[in-house]
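Take the sequences, apply the hints, and build the full model.
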Amino acid sequence: MLDFVRGIAIVLGFDGLGWGLHRVGVPIPGGVLGLLAFYLALSVGLIKLEWVERASSFLLRHMVLLFVPLTVGLMNMGQLLQRQALAILASLVVSVVAVFLTTGLMGRWLLPPQPALPGLPLDEEKAGKA
Amino acid sequence: MSAVQWIGNPVFSVAFTIASYAAALKLHQRSRWVPPIVAACIPIVALLLLARVPYAVYNRGGNLLTWWLGPATVALGMPMYRHGIALRASLPRLVLIVMSGSVVGMTTAGLTAWALGAPRAVVMSAVPKSVTTPIAIEVSRELGGIPPITIAMVIMAGVLGASFGTALLRLVGVREDRAIGAAMGTASHGIGTASLVRRSELQATVSSWAMAAAGVFTSLVAAILALFLR
Chain E
1 MLDFVRGIAI VLGFDGLGWG LHRVGVPIPG GVLGLLAFYL ALSVGLIKLE WVERASSFLL
61 RHMVLLFVPL TVGLMNMGQL LQRQALAILA SLVVSVVAVF LTTGLMGRWL LPPQPALPGL
121 PLDEEKAGKA
Chain X
1 MSAVQWIGNP VFSVAFTIAS YAAALKLHQR SRWVPPIVAA CIPIVALLLL ARVPYAVYNR
61 GGNLLTWWLG PATVALGMPM YRHGIALRAS LPRLVLIVMS GSVVGMTTAG LTAWALGAPR
121 AVVMSAVPKS VTTPIAIEVS RELGGIPPIT IAMVIMAGVL GASFGTALLR LVGVREDRAI
181 GAAMGTASHG IGTASLVRRS ELQATVSSWA MAAAGVFTSL VAAILALFLR
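Heads up: the protein sequence lines correspond to chains E and X, in order. In this text, residue positions in the first sequence follow my numbering: the first is 1, and each later residue adds one. In this text, residue positions in the second sequence follow my numbering: the first is 1, and each later residue adds one.
Incorrect hints may have been included.
[Stated by the list, open to error] What follows is a set of in silico ranges between Cβ atoms, one per label pair, in the way DEER data are often shown:
id, chain 1, residue 1, chain 2, residue 2, range
1, E, V93, X, V11, 37 to 47 Å
2, E, W109, X, I42, 37 to 47 Å
3, E, G25, X, V11, 35 to 45 Å
4, E, R54, X, V103, 28 to 38 Å
5, E, R6, X, A15, 23 to 33 Å
6, X, V34, E, W109, 14 to 24 Å
7, E, W109, X, G117, 35 to 45 Å
[Said to hold, decoys possible] Which chain E residues stay away from chain X? Per the calculated CB distances, all over 12 Å, these:
id, residue
8, M1
9, L2
10, D3
11, V24
Hint data in this document are derived by calculation from the structure and do not stem from the laboratory. Given the structure is predicted, the values throughout are model-derived calculations rather than measurements. Yeah, the Cβ is synthetic: ideal placement off N, Cα and C, and Gly gets one too.
Okay, here's the thing in structure tokens:
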């Protein structure tokens, strides 16, 4: 329990830091600035993964709950949604297909299949790490 | 006490929202095809309509839950770091792939909506539709979009990718685990990632890394875009 509270406190601290930076003019959303600072702090070992693992997983697992109130706001937008239905649906389908093709095909080109037998790395893989 | 007083009381509206969410999770366990976000909203919308209470009254308490989206965004740094270690060797190439995918996603979504005559606020709501909800909401706000419309599009992008994404990739000859994961995480965030968990651990790992990374890249690109729009 104490472990969990400590994790939440650390996450809240980075969220506050992010919003502070956003407040003073960094043009990136506060939450994302907090994420970057949090990632950096984990990378340099300022905070340990096991301090924040449980609390972060908890927040991510129940993220859906957190955007329920905003989603309920759609109830006031029936007219706008009806008028813009075509634009919204078309933009959605075109863009989802475009992203899958871009990333999938770039992935096929840049990420050659990994060795089938773990523990027996191919030369190519060794070269990749060097 | 009147309905407005009840629903306007944050203790009641937060408790009612949590209860609706818990019921939605139960329903999702039985019927996998019902997205919890849709099921969770139905009792709340029904209550507000039946009691004739405006959304703004409910949102006095609702805002308390929305506030936690900030910390949830920060928490994404944890899987990004953990999976980043596992994917160390291919990280530079993954960064390039996810970044390209994010830029393509933002431009195609915005341009298609614009070409079909959507007003600016709807165009801007479409731009961040591929990334995880808390980041998409923030990006939508920064660009002058309408957050609820962005959320609806984010959810649909997730469901679309989770349902047809891997079939589309197979069609164009993409079979490698890391490529599938990168595409799914970039296009369809958490909903797409969840659909990979039972298929392949490597696909799911790459996908959850890509989902966090796409969120970061999209907000960086949006910040540059916002400078030009001013």
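Results for each hint:
The given range of 37 to 47 Å is respected by V93 (chain E) and V11 (chain X), whose C-beta atoms sit roughly 42 Å from each other. Distance hint check: the CB atoms of W109 (chain E) and I42 (chain X) are about 44 Å apart, consistent with the given range 37 to 47 Å. Hint check: G25 (chain E) to V11 (chain X), Cβ distance near 37 Å, so the stated range 35 to 45 Å holds. Take R54 (chain E) and V103 (chain X): their Cβ atoms lie about 35 Å apart, and the range 28 to 38 Å holds.
A hinted range of 23 to 33 Å holds for the C-beta pair R6 (chain E) and A15 (chain X), which are about 27 Å apart. Between V34 (chain X) and W109 (chain E) the C-beta distance comes to about 38 Å, which lies outside the given range of 14 to 24 Å. Judged by the Cβ atoms, the range 35 to 45 Å given for W109 (chain E) and G117 (chain X) holds: they are separated by roughly 36 Å. Taking the minimum C-beta to C-beta distance to chain X, about 18 Å, the non-interface status of M1 (chain E) holds against the 12 Å cut.
For L2 (chain E), the shortest C-beta to C-beta distance to chain X comes to about 18 Å, beyond the 12 Å cut-off, and the non-interface label holds. With 12 Å as the threshold on Cβ separation, the claim that D3 (chain E) sits away from chain X holds: the shortest Cβ distance comes to roughly 14 Å. Consistency note on V24 (chain E): stated as away from chain X, and its beta-carbon is indeed over 12 Å from all of that chain's, at 15 Å minimum.
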